[in-house]
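J.: Residue numbers (our numbering), protein chains in the order written: chain A, 34 to 285; chain B, 34 to 285; chain C, 34 to 285; chain D, 34 to 285; chain E, 34 to 285; chain F, 34 to 285.
Misleading hints may appear alongside valid ones.
As the list makes no split between identical chains, a pair holds if one copy fits it or if it spans any two.
[Said to hold, decoys possible] Result set (BS3-like, lysine-lysine): computed pairs, CA atoms no more than 25 angstroms apart in a straight line:
id: 1; residue 1: LYS203; residue 2: LYS170
id: 2; residue 1: LYS202; residue 2: LYS262
id: 3; residue 1: LYS262; residue 2: LYS57
id: 4; residue 1: LYS170; residue 2: LYS272
id: 5; residue 1: LYS262; residue 2: LYS272
id: 6; residue 1: LYS50; residue 2: LYS170
id: 7; residue 1: LYS262; residue 2: LYS50
id: 8; residue 1: LYS203; residue 2: LYS262
id: 9; residue 1: LYS170; residue 2: LYS51
id: 10; residue 1: LYS272; residue 2: LYS50
id: 11; residue 1: LYS57; residue 2: LYS203
id: 12; residue 1: LYS262; residue 2: LYS51
id: 13; residue 1: LYS51; residue 2: LYS202
id: 14; residue 1: LYS203; residue 2: LYS272
id: 15; residue 1: LYS50; residue 2: LYS203
id: 16; residue 1: LYS51; residue 2: LYS272
id: 17; residue 1: LYS202; residue 2: LYS272
Since the hints were made in silico from the structure, they are not lab data.
6 protein chains.
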Amino acid sequence: MSRIAVINPNLSTGFTKKVGDQAKRIVAPHTTVLALNPQFGPDSIEGYYDEAFASVGLLSVIRDLEAAPEQLGDPVAGYVVACFDDTGVDAARCLTTAPVMGLCEAALRMAAVVASRFAIVTPMPVSVRPLEHLVSKYGVSSQCVVRAAGVRTLDFEGENAAMAYDALKKQADLCLANDYAEAIVLGCAGMTDIAQRLQDELGVPVIDGVSAAVKMIEALAMLGIRTSKAGAYAAPPSKAYHGMFADFAPQA
Amino acid sequence: MSRIAVINPNLSTGFTKKVGDQAKRIVAPHTTVLALNPQFGPDSIEGYYDEAFASVGLLSVIRDLEAAPEQLGDPVAGYVVACFDDTGVDAARCLTTAPVMGLCEAALRMAAVVASRFAIVTPMPVSVRPLEHLVSKYGVSSQCVVRAAGVRTLDFEGENAAMAYDALKKQADLCLANDYAEAIVLGCAGMTDIAQRLQDELGVPVIDGVSAAVKMIEALAMLGIRTSKAGAYAAPPSKAYHGMFADFAPQA
Amino acid sequence: MSRIAVINPNLSTGFTKKVGDQAKRIVAPHTTVLALNPQFGPDSIEGYYDEAFASVGLLSVIRDLEAAPEQLGDPVAGYVVACFDDTGVDAARCLTTAPVMGLCEAALRMAAVVASRFAIVTPMPVSVRPLEHLVSKYGVSSQCVVRAAGVRTLDFEGENAAMAYDALKKQADLCLANDYAEAIVLGCAGMTDIAQRLQDELGVPVIDGVSAAVKMIEALAMLGIRTSKAGAYAAPPSKAYHGMFADFAPQA
Amino acid sequence: MSRIAVINPNLSTGFTKKVGDQAKRIVAPHTTVLALNPQFGPDSIEGYYDEAFASVGLLSVIRDLEAAPEQLGDPVAGYVVACFDDTGVDAARCLTTAPVMGLCEAALRMAAVVASRFAIVTPMPVSVRPLEHLVSKYGVSSQCVVRAAGVRTLDFEGENAAMAYDALKKQADLCLANDYAEAIVLGCAGMTDIAQRLQDELGVPVIDGVSAAVKMIEALAMLGIRTSKAGAYAAPPSKAYHGMFADFAPQA
Amino acid sequence: MSRIAVINPNLSTGFTKKVGDQAKRIVAPHTTVLALNPQFGPDSIEGYYDEAFASVGLLSVIRDLEAAPEQLGDPVAGYVVACFDDTGVDAARCLTTAPVMGLCEAALRMAAVVASRFAIVTPMPVSVRPLEHLVSKYGVSSQCVVRAAGVRTLDFEGENAAMAYDALKKQADLCLANDYAEAIVLGCAGMTDIAQRLQDELGVPVIDGVSAAVKMIEALAMLGIRTSKAGAYAAPPSKAYHGMFADFAPQA
Amino acid sequence: MSRIAVINPNLSTGFTKKVGDQAKRIVAPHTTVLALNPQFGPDSIEGYYDEAFASVGLLSVIRDLEAAPEQLGDPVAGYVVACFDDTGVDAARCLTTAPVMGLCEAALRMAAVVASRFAIVTPMPVSVRPLEHLVSKYGVSSQCVVRAAGVRTLDFEGENAAMAYDALKKQADLCLANDYAEAIVLGCAGMTDIAQRLQDELGVPVIDGVSAAVKMIEALAMLGIRTSKAGAYAAPPSKAYHGMFADFAPQA
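Looking at chain A on its own, in the form it has when it is part of the complex (with noise of 0.2 angstroms):
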C-alpha cells in the first residue's frame, strides 16, 4: 500500500480536482493517491513571480503532511508538484525523504526515452525561456526545442477550447516539420485531458507532465529510492524564522 501526494501548487481547486482523477486513474491498484492545493497563494502560476509564492504554499502542504503522517494512515511515499515550472521542487526535496518530482522533469526524461528529438509546445511566448532553462538543467538542450501555441492556459477549457486546441496542434505540426521533432511534450498541466486525442491526430507520442510525474514517483516508490539527504536536499539546519513565517521554522 503506496500513497501518492499529487499538489498543485495553485489555488485553482477545478485544477486540483483535474490532475488528482488523472492521477488516480493512472495509478496501480494499491497506490491510493491525494490530491492537494494550498490555503494561500495565487489562483494560477504565471511566470517567475507567482512561483515565489506559490513555492511557499507548496513547502505548506509537504510540512504538514510530514508532520502528521499519523493521521493519513500511510506517510506519503513520494509527491508529484503538478506544475510544469516544476516551482519549488528543489526546497521541497529538502522537507523530505520521499522523491518529489515536477512534471517538466517527468516528461522530459520519459520523452528521450521514445524520440531521438522532440518539442515542448506551450501555450505563452513569454514561458519559452524558463522552459529553455529547465530544458538545460535536465541535460536535453541538444534534443528539445521549446515552442509556443499563441493562446492563454484559460482558453483550453470553456468556449475557447477548440480554437486553442487547434492552435496547439498547429504548432505541433510545425514542429514536426520543421524541427525535426519525434514527440511532442505538453507545456502545460492543464493540457492533461487533450494528450490523447492529439496523440490519435499526430501519430507521433505526446507526453503529458502529469502522467509522467505521477508514474515516475510511484516507481521511485516502489523501489524505496529516496531523496538523498547528504548534500544539496539535506533538511533545513534549525533556526528561527520571524513574522507571518514563523511557524514554518526548521526544527533540530
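Chain A is already provided as a structure; the job is to place chains B, C, D, E and F on it using the hints.
T.: Quick look at chains B, C, D, E and F alone, frame taken from chain A:
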C-alpha cells in the same frame, strides 16, 4: 495485463535468471516478466567488440517476440535491455513500437531525481570512458562522475565476493567524500543483489539499473507511450540481407 | 542623484548593517544607499528551503519601495540582493523596471575580467552543488571551480574568527596551487570585511560579491539600462492571491 | 610501402568499387589500396538497424585481414570505414593496432580547418538526428548544421541523377545563405564523384568523406600513430562466443 | 581621482573622439578620461587580419602609458579597448595590473543582468561567426543570438545614415519577434550615438558596448580589483625582440 | 609536385631548422618543404603578449610567399604554423586560399582518432589555461586534459635535457594512471625529437604536433581543399594602413 521482456544480451543464463528474478520481484501484480537471452553471441559484454555481437543477438530476440505475439498470449508492452552499456538500444527501438530502455539510461534518469550530484561506480577502469560517453548522451555530465572499483565483474560472485564488495564500498565512500556525490549508481547489472546492503551501509540512495529500467518501462507501457516512428527510430526500410544475416532482412 | 537599495533577504539586522556600510563606503558621491531587510522570514539563508521563504521577504521589500517612491524622495534606481545564493533575483526582476542583481552573478562577471580561471571558496560543503548550478547559469563553468573551507558562516564572527580565516586562506591556497586559480571569489556575503586582508596576503585578486554587485548596479542605473519587460521579466499578470499572501496579488 | 584497407560495410560491390577507385586516385605512390566488403549483411545502410548488422560484417573483414597479414604481403597500415554513419568504428578499433577512421569524422575534422562554419547536406531527413549525434561526438556542434536534400541516396545514380544533384545544390545554396555556412560536407559516401562539380559551382570548399578519410588514415599510418590499447580500444578479453558467432570469440 | 584610458585600436581619429566623448559624458565626477589611438596600423578593423595589426598598436599605446605614469599625473586605473571584436584584450592584460576590458564582453555581461535572452545586431554578415565565438567565450551562448543588419559600418555616418538606422531597426525588430530577444546589444562601437533613440523606439533595453565597458572598468578600478598576475595574464617573461619590434621586448 | 611552407613564428633559427628537418623527413616524395621564420619579432613565444607580435611576423612571411609565387617555382599549397599555441592561424587564413593549420589543432584532431581520452603535457603551468581554451575551441574538452611538467621549454635542449625528459615522462605516467589518458600529446613544438622515445617507453601513442600538422596540411593540399573565402576567412577588405605597418595594407 501487461508483458515486459527483460533481455540479457549475453548468453549467461545464470545472469538472465538473476535479472529476471529481480524484475519479477518488483513489477505490479498484473505485469508479466519474460526473461530471455539470445541463442548466439558472447558469454559476457566487456567493451565495444562484445557489444557489436551482443547487439545482433538482442535484435534476434526482439524480432522473434515481435513476429509471434499470439504465441505469447499478449504482445510485449515494453523491453528492458539488461546491460549497463545500453548495448543495441537505438537499433532495438527501430524494431518495435513498444518502449525500449537500457540500464544506464534508467539509472541516471532516476538518480537525478533524488540527488543533485552522483557517481557511477563500475568494476573495471576500462569501462570509465564508454560510460562517460553515456553520461554525456543522457545529459548529466555536470552532475555525475564515473569511477572504477578495480575488480572484475565476476568477482562479485563466488569466493571473491566479500573482497569485491569491500572494494566497491571503499570506492563509493571516496565518491561521497571527494566528489560530493549524494547517491551511488551501480555500474553493472551483476550488482543488482547488493544494492540494498550497500544503501543501508552508506546511508545514501544506491540505484540499481535493473530495477530502475523495469519500473520505468512498466510506467511507459502502462501510459501507452510508445517509441516514435517519425524519425531516428522509424522501422528499417525494406531491403535484401545476405549470408548468415539473410533472415534479418527488414520487410516492407 | 541616484538611490540604490541593498536588500538583505534574511532578518539579521547586524548583517544588513554590515553590507549597507560596505555599500556606502564604495558608491559615488551622489549615490544614496538604502540598506533594508524584510520583516518576516529566516535569520539566515542556508539552502533551498530558507531561500523559498527569503524570496518572499525580498519581494515584500521591493513591492513596498516600488509602491511609494514619493516617500523616498527618489525612486530606487537599482537593487542589490545581498545574498551569494542570488535568492529570488529572477522573481524580483518581474517587480521593477530598475536593474536587479545578486552577489554571485556580480562577483563572477567581475572575476572573469581579471582572471582566466578562478575559484569560489564557500564556507560549507553543502553549498558546493547549488553554487555550481549558478556557475553554470552564469556561463563560467569552464573557468571556475567551487570549493568549501569547512567552516560555518557564523564562525567568521566572534571568537572563532581567526580559525575561520585560517581555514579560508588554506583552502584558497589549495585553489591557487591545484586548480590553477588566478583569483578567489568569496562565496558568502559575510566575508566582505576580510576581502582586503586576504587579497594582500594571497597576492591575487579577491572578489567580494557585495562590492561587485553595488558597483555594477550603480553602473547600470547611471546608464539607464533597465530590466526588460519584453519576456521572462515582464510584470506579473493581474490575478487573485489568497490567504496570507492576499496583499501580494499583482495589479493590472 | 603502405597498405590501406577501405572497407565498405554493406554488400553493394558497385559501391565498393566506386570508393576503392576514388581511394586509389588520391593515395601516395607507394600506398596500396585494398577495397573490400563483407560476405554477409545488408545491401545498404540506412539507420541504426542496418548499422548493427553491417558492424559485424565490418569486423569480419578486419579480423580476416589481421589474422593473415602474410597473405597480403604487408600488414594493413590503416583502415577506412567507408560509411558516413561511422558504423562500427569504435568496435573496429578494438581489433587492430592500426588506425581506423570513418567518413564523417574525417570530413568534419578537415572541414573545420578551412571553414569556421559549415553544413552537412545528407539525402534524407531521417539521417539528420543520427548525424547531429556524430557532430556532437566530434565536437563541432557550435559550427556545423545538418540539413537534408530530400532525395534518396540511390537517386544520385541512374536516370534521377540530374534531379538529385539539383536538389543537393539547392539545399547547399540555402545553407550558404541562411546558415552562414562557409563550406559543404557531403553527407553520404555515394556523392564522392560529384564533389568536384559542386565545389566548382558553389565556389566554396566541398568536402567528400571518402577522400578525407583515406588521406587522414594514410597520414596516421605514415607517422606510425597507432590505436591506443590502454583504454577503451584495448583488445577484447578472451571469452567464449556461441552459435553463429562462435568463430568471432576473441583469443587471449 | 581616477584615470581611465579608452583606446581605439584603429587610426580613425574621428572615431577616437566619438568614443572619448561618450566616455566623458558618463564617468563619475572625479574620473578622468584619456581617449587615444595608436600611431600605426589600420584605419578600421574588419576581421582577423586587421585585428592582428591593431593588437600591436593597442599594445604600443598601453606600453607608453605604463612606462611614464608620472607624465600623466596619475597612473591609468583601467583600460577600455574600444572595439567590439575585443581585439588584443588578452595580450593587453599581460602588460598591466590595471583591469582591461573590451566592448563585447562588457555589453554581454550587462545585457545578461536585464534580459534572459538577447541579440547582438552587427552591421555585416562576415562578423557573425567571430562574434559567435566571443558569445561562447563569455558564456552566453544559450541566451544570445548574433544577427547582421546587412549594412556597412560607415553607412551609419553621412548620407546613408537614415537608411542604415532603418536596416538596424528592422533587424532588431526581427530579433524581438522571432528569437524571443528581450534586449538588443549594438554590435559595433560606431553605433554608440544611436543607442538611446533605438531604445526609445523599440521599448526594450539597448546596450552600447562603449558605455558598458567604461562603467564596468570604472567600477573595477574604484574597487581596486586588478588583473591577476598568477596565470595566463602574468607579465611576459624577459627576452629579445628583433627588427621593427625590437623596442617591444619585455623587460625583467 | 606540391610545396608546403612550415613557418616558425619566432626568430629562433635553430628551432626553424629543427621543425623543417622533421617536416622533410615525413613528407611524400614529391612534396617540397620550405622552412621559414619572420625577420622581426620575439625569440620565443610564451603567452599572449609574445603571440601578438609573432602573429604579425607570421603574416609578413605569408604575404611575401603569396605575393611572389613565381619566385618559388610553385605556389605554396599549404601552410603549417609551427607553434603549439596556434598563434595567428585565423588571421593567416584570411591571407591565402591555401589551407593553414597550427600544431595544437592538428595534434588534437589526430589524437582523437586513436584514443578515446588523452592528455596534453606542456612544459609550464602558465600555459595550461590558454591550451584549455584551444582544447575547447577544437571540441575535445570532454576527452582531453592539460597538465604541466614543471620545466622550461629550453630545458629540453642542452645540459638539462635528461632532467626535462624525466619530468615530462613522470607527468605523462600520472596522466595515464590518474586521468585515464590513453595517449599523450606533446604540448610544445620543441619536443618533436623525443616523441618516438617517449612512445616506446610509455607504450601508448605519443602525438607530435609538427608531424601531425605537416601530414594533415599535405593531405588537404593534395585533395585541393582550400580555405573558404565565404565567411570569417575572406580576404581582408582594402583599406589604408599607417606608420610601420603601411606596407601591410590589404589591396582590393
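J.: Now, for every hint given, state plainly whether the structure supports it.
T.: Now for the hints, and whether the structure bears them out:
1. LYS203 / LYS170: neither (28 angstroms within a copy, 31 angstroms between copies)
2. LYS202 / LYS262: Result: close only across copies, 19 angstroms inter versus 43 angstroms intra.
3. LYS262 / LYS57: neither (30 angstroms within a copy, 30 angstroms between copies)
4. LYS170 / LYS272: This pair counts as neither: shortest intra-copy Cα distance 30 angstroms, inter-copy 29 angstroms.
5. LYS262 / LYS272: The answer is within: 18 angstroms in one copy meets 25 angstroms, while 37 angstroms across copies does not.
6. LYS50 / LYS170: Neither: 30 angstroms inside a chain and 36 angstroms across chains, both beyond 25 angstroms.
7. LYS262 / LYS50: neither (32 angstroms within a copy, 34 angstroms between copies)
8. LYS203 / LYS262: between (45 angstroms within a copy, 20 angstroms between copies)
9. LYS170 / LYS51: Neither. Shortest intra-copy (28 angstroms) and inter-copy (35 angstroms) distances fail the 25 angstroms Cα cut-off.
10. LYS272 / LYS50: So LYS272 and LYS50 pass the 25 angstroms test across copies only (21 angstroms; inside, 36 angstroms).
11. LYS57 / LYS203: Neither. Shortest intra-copy (31 angstroms) and inter-copy (43 angstroms) distances fail the 25 angstroms Cα cut-off.
12. LYS262 / LYS51: neither (33 angstroms within a copy, 31 angstroms between copies)
13. LYS51 / LYS202: within (22 angstroms within a copy, 46 angstroms between copies)
14. LYS203 / LYS272: For LYS203 and LYS272, neither the intra-copy (52 angstroms) nor the inter-copy (29 angstroms) Cα distance is at most 25 angstroms.
15. LYS50 / LYS203: Cα proximity of LYS50 and LYS203: none, with 28 angstroms in one copy and 47 angstroms across.
16. LYS51 / LYS272: between (38 angstroms within a copy, 21 angstroms between copies)
17. LYS202 / LYS272: This pair counts as neither: shortest intra-copy Cα distance 50 angstroms, inter-copy 28 angstroms.
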